[in-house]
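**Student:** All chains should be built: construct the whole structure from the sequences, respecting the hints.
Chains as they are written, first to last, in my numbering: chain A, 39 to 490; chain B, 79 to 563.
Among the hints, erroneous ones may be present.
Stated by the list, open to error - Sample of chain B residues with no beta-carbon within 12 Å of chain A, all distances over it, derived:
no.	residue
1	Pro139
2	Cys178
3	Ile267
4	Val358
5	Ala442
6	Leu550
What the hints assert, rightly or not - Residues on chain A that point at chain B, a partial pick, calculated with CB under 8 Å:
no.	residue
7	Asn63
8	Val64
9	Thr65
10	Met78
11	Asp82
12	Val83
13	Met84
14	Gly275
To be clear, the hints were calculated from the coordinates, so they are not data collected in a lab. Computed from a predicted structure; not experimentally measured. The beta-carbon is built from N, C-alpha and C at its ideal position, and this holds for glycine as well.
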Amino acid sequence: MKVVIIGDGKIGSNLAALLVGEGHNVTVVDIKPEALKRSMNYQDVMCIEGNGATVDVQQEAGVGKADLLIASTPFDELNMLCCLIAKKLGAEKTVSRVRNPEYYKQIDLIKDDIGLSMVINPELTTASEICRVLIFPTAAKVEIFEKGRVELVEHKLPEESTLIGLSLAEIYKRLKIKFLICAVQRGQEIYIPSGDFILESGDRINIAASHSDIERFFRQNGSLKNRVKTVLIVGGGRVGVYLARQLLAVGMRVKIIEKSYDRCTELCDSVPKATIINGDGTDQDLLRDEGIADVDAFIALSGIDEENIIMSLYAKNNSNAKVVTKINRDTYVHMAGMLGLDTIVSPKQLATGNILSYVRSLKNAADSSIESLYHLVGDKVEAIEFTVKEKIPGLTGIPLMDIHLKKNILICAVIRKRQVIIPNGSDTIELGDSVVIVTKEHRFTNLRDILD
Amino acid sequence: MNKRLVLHSISKIFIIEAVLMLLPTLVSLYYKENDCALIFLEVAAAIALLSIPTATFVLKPKTNSLGSKEGIAIAALCWIAVPILGALPFYFSGAIPSLCDSIFESISGFTTTGSTILTDIEALPRGILFWRSFTHWVGGMGVLVLIIAIMPSDKNSSALHLMRAECAGPQVGKLVPKGKSSALILYIIYGVLTALMIVFLLLGKMPLYDSVCHAMGTAGTGGFGIKNAGIAYYDSPYLEGVITVFMILFGINFNLYYFILIKRFSEIYKNTELKVYLGVIIVSTALITANIMGIYKTVGKSFRFAVFQVASIMTSTGFATADFNIWPEFSKMLLIILMFVGACAGSTGGGFKVSRFIIMFKTAKKSLRKILHPNSVNVVKSDDKALDIETVHGVNSYLIIYLTMILASLLLISLNDFDFATSFTSVVTCINNIGPGISRIGPMDNFSIFSDFSKIVLSVDMLMGRLECLPLIMLFSPSMWSRKF
Chain A
39 MKVVIIGDGK IGSNLAALLV GEGHNVTVVD IKPEALKRSM NYQDVMCIEG
89 NGATVDVQQE AGVGKADLLI ASTPFDELNM LCCLIAKKLG AEKTVSRVRN
139 PEYYKQIDLI KDDIGLSMVI NPELTTASEI CRVLIFPTAA KVEIFEKGRV
189 ELVEHKLPEE STLIGLSLAE IYKRLKIKFL ICAVQRGQEI YIPSGDFILE
239 SGDRINIAAS HSDIERFFRQ NGSLKNRVKT VLIVGGGRVG VYLARQLLAV
289 GMRVKIIEKS YDRCTELCDS VPKATIINGD GTDQDLLRDE GIADVDAFIA
339 LSGIDEENII MSLYAKNNSN AKVVTKINRD TYVHMAGMLG LDTIVSPKQL
389 ATGNILSYVR SLKNAADSSI ESLYHLVGDK VEAIEFTVKE KIPGLTGIPL
439 MDIHLKKNIL ICAVIRKRQV IIPNGSDTIE LGDSVVIVTK EHRFTNLRDI
489 LD
Chain B
79 MNKRLVLHSI SKIFIIEAVL MLLPTLVSLY YKENDCALIF LEVAAAIALL
129 SIPTATFVLK PKTNSLGSKE GIAIAALCWI AVPILGALPF YFSGAIPSLC
179 DSIFESISGF TTTGSTILTD IEALPRGILF WRSFTHWVGG MGVLVLIIAI
229 MPSDKNSSAL HLMRAECAGP QVGKLVPKGK SSALILYIIY GVLTALMIVF
279 LLLGKMPLYD SVCHAMGTAG TGGFGIKNAG IAYYDSPYLE GVITVFMILF
329 GINFNLYYFI LIKRFSEIYK NTELKVYLGV IIVSTALITA NIMGIYKTVG
379 KSFRFAVFQV ASIMTSTGFA TADFNIWPEF SKMLLIILMF VGACAGSTGG
429 GFKVSRFIIM FKTAKKSLRK ILHPNSVNVV KSDDKALDIE TVHGVNSYLI
479 IYLTMILASL LLISLNDFDF ATSFTSVVTC INNIGPGISR IGPMDNFSIF
529 SDFSKIVLSV DMLMGRLECL PLIMLFSPSM WSRKF
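**Tutor:** This is how it looks when you write it as structure tokens:
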């Protein structure tokens with residue numbers, strides 16, 4: 039695939055390296071020659087110097103024939119302009135980084151008009167990741183479908199789970215949550231379960247549901263024993279705000295320590311429910327006064343990696359809290375791990391990881407009618423998204439329970455007019471829907487093929 | 079420096095060279111020169127046998143990180159070793175009895191110089207002559223570029239480090255994001271142009287063997303012929319025309335052909351180097367035509383010889399249709415100046431390169447402006463783009479290194495006690511990879527008059543010219559070889 043990256047910064051250069059590693063043709067555009075020199079010397083990419091938001095430069099970079107344009111300059115407005123121009127020049131898909139919370143909030147309004155295929159917000163991604171770690175520590179998020187409307191989560195059933203010994207049909211009836219167990223990994227075997235499948239202890243299940251339903255699932259099935267109730271956040275930057283909002287929304291109590299007084303007053307405005315403390319998070323007396331010994335979770339989100347590491351080590355030694363450390367530099371991630379900090383989040387890596395999985399899905403979809411394709415459970419299961427473009431007899435307009443599917447196929451989500459339906463037997467597939475199916479072994483290229 | 083990786087890569091290159099030698103083997107067999115074929119086969123087998131172990135398991139590098147140090151070392155060492163191995167068939171077949179002469183001939187071939195020590199070319203077996211021309215073709219676009227194009231690529235930027243060390247010109251970039259694809263595109267353009275030329279030569283009733291040899295000689299802007307009289311042997315205005323046009327084409331930056339392929343014609347239109355290059359050819363041709371009118375009487379004939387010679391010298395090919403030794407002094411001097419100018423950057427031609435001259439003239443202009451307006455801010459631009467100050471500095475330092483090399487060689491060559499024109503043009507023609515000189519090494523003469531020592535000096539000059547000095551000089555830098563720093 040031909041990929042053009044505008045902005046050769048932290049995320050841009052990291053992405054370029056990863057994409058080249060996967061065999062894509064990458065062109066990097068940046069206005070600063072110093073950044074490009076580094077890329078030119080260490081990566082097999084083409085470098086073009088200039089303002090990426092100008093038609094001339096984009097044409098020189100071959101944006102018109104590109105399959106994907108990624109705008110990752112430090113400025114949101116510039117990123118969106120880059121994408122708009124790229125779309126006009128004929129780029130297939132565009133991804134823009136938008137970090138300003140105000141812009142991000144309204145992005146859905148203009149997303150289609152400026153032709154954005156994906157918006158990446160590293161701070162929000164980081165916050166969501168931390169939030170996930172705090173809410174269901176046993177889960178490992180696998181993929182996001184349908185632009186974030188459906189999540190596929192891998193979860194190892196704990197020994198004492200109440201779900202063990204129940205068939206899926208019973209589970210669905212009992213929990214009253216719209217979710218679907220779409221793959222079960224038992225030892226070396228992978229199952230695409232039907233309604234009479236019975237869960238055993240030690241199973242790893244893949245659950246498809248919307249974000250809020252997944253949270254409810256974890257809360258209800260009792261796998262959250264030591265629920266986090268109080269969270270101490272050091273650093274009231276963008277990640278802090280996003281995280282505080284998410285945590286407050288699920289009912290946790292949040293305290294934010296922030297150095298700058300002005301920022302503190304802003305925080306009071308943007309997250310009114312949180313307790314805002316003006317002070318230095320590296321000050322151990324302050325941390326003690328604010329009750330670090332008793333909090334359930336401690337999150338180090340200051341802008342300086344070294345401070346985050348030191349604070350986290352202090353917290354680790356002086357409390358039983360779950361400690362999460364934000365680290366930006368790749369080299370520190372490994373070092374912090376050696377120091378005993380186990381939960382480390384890196385906005386850069388999370389953002390690049392998200393874009394990378396998007397690129398992978400694009401690549402997989404490139405040569406068929408598939409919208410996107412993800413590999414789950416170590417490539418053994420495929421989750422494929424189709425759009426229903428024509429009426430298919432025996433499939434459309436019929437309740438799912440009456441459809442004769444091939445073995446080992448599950449329809450795990452139907453998306454109709456941006457609404458996610460986690461289907462049960464009485465739902466139907468209609469013209470214009472997007473359908474996510476989960477399948478073992480087979481590689482389908484057409485929705486018709488799933489019929490027996 | 080990662081020495082294992084360097085040696086490993088070079089042994090891979092040797093294997094490629096052994097494979098390339100199979101081509102002249104086939105030619106020899108076709109012309110029933112079995113002895114010659116056997117020599118090629120033996121040399122190829124020997125090279126392959128010696129390098130396959132090192133290329134596969136003996137010298138397996140611990141890491142694959144190829145930086146600019148390694149790239150330079152590979153380029154320099156490979157360009158020394160490959161021509162020496164390429165000289166073996168000349169020596170063992172008895173075509174060139176002296177080893178020193180063989181190496182001179184081979185280096186002259188790979189560096190696309192085209193200077194020869196042979197007095198009677200036609201006496202050589204056809205297989206050997208084919209190999210001689212084939213070295214031009216391989217050396218023209220570059221051995222390393224060939225390696226990059228055909229070897230499986232790795233994921234870092236090693237290709238660019240190798241290409242930078244080998245390709246000519248002040249700025250070496252890639253055509254497409256992937257180094258391997260860029261190299262492949264270059265070779266495809268190169269191959270197609272060569273094939274096209276063979277077809278045109280065949281249409282002019284040149285025999286197939288001659289067409290292939292001359293096309294390869296032209297493509298690499300080399301200049302080895304297969305007739306004692308050179309191109310004049312055919313005495314055909316059509317063939318000369320075809321060769322002239324293709325010499326000029328091969329002297330143009332290959333990036334421009336790629337731009338034609340992807341239909342970005344504006345790039346070509348605004349390319350200053352191309353305009354200057356063609357302009358110099360036109361003006362020089364006109365001046366020489368007027369100047370040699372006295373000798374050839376008619377305008378047509380004068381033009382025919384003038385344009386061929388201008389193209390041949392400027393692109394650093396070195397073919398000859400006329401003995402320009404007998405031309406007036408003005409024409410000879412103009413040709414010597416053209417030797418220095420050389421072809422476009424990114425072409426197969428040698429010389430100082432038109433683009434460097436453009437950059438230097440533009441810099442000089444800005445410096446002059448600075449005298450009049452001391453506070454003026456000046457940015458040197460090329461093709462509407464501001465030039466990196468490092469590029470400008472690079473051109474300046476290249477000039478001084480280039481001149482130093484010429485002066486040093488001149489001093490060493492003067493030991494032969496030849497006249498000034500012979501000594502001077504021998505060095506100039508070698509370092510610019512052209513071929514013929516003036517006076518005793520004119521287009522109808524050869525380099526056999528020089529002592530072995532001078533041949534070695536000239537061989538080094540040819541390598542210096544082909545690699546643009548820096549990689550070879552770097553080889554002698556201690557920090558290049560030290561483990562740390």
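**Student:** All hints, please: hold or fail.
**Tutor:** How the hints compare with the structure:
| no. | hint | verdict |
| --- | --- | --- |
| 1 | Pro139 | holds (18 Å) |
| 2 | Cys178 | holds (40 Å) |
| 3 | Ile267 | holds (17 Å) |
| 4 | Val358 | holds (28 Å) |
| 5 | Ala442 | holds (24 Å) |
| 6 | Leu550 | holds (22 Å) |
| 7 | Asn63 | holds (4 Å) |
| 8 | Val64 | holds (5 Å) |
| 9 | Thr65 | holds (5 Å) |
| 10 | Met78 | holds (7 Å) |
| 11 | Asp82 | holds (5 Å) |
| 12 | Val83 | holds (5 Å) |
| 13 | Met84 | holds (4 Å) |
| 14 | Gly275 | violated (34 Å) |
In summary, the structure is inconsistent with hint 14 from the numbered list given earlier, while agreeing with all the others.
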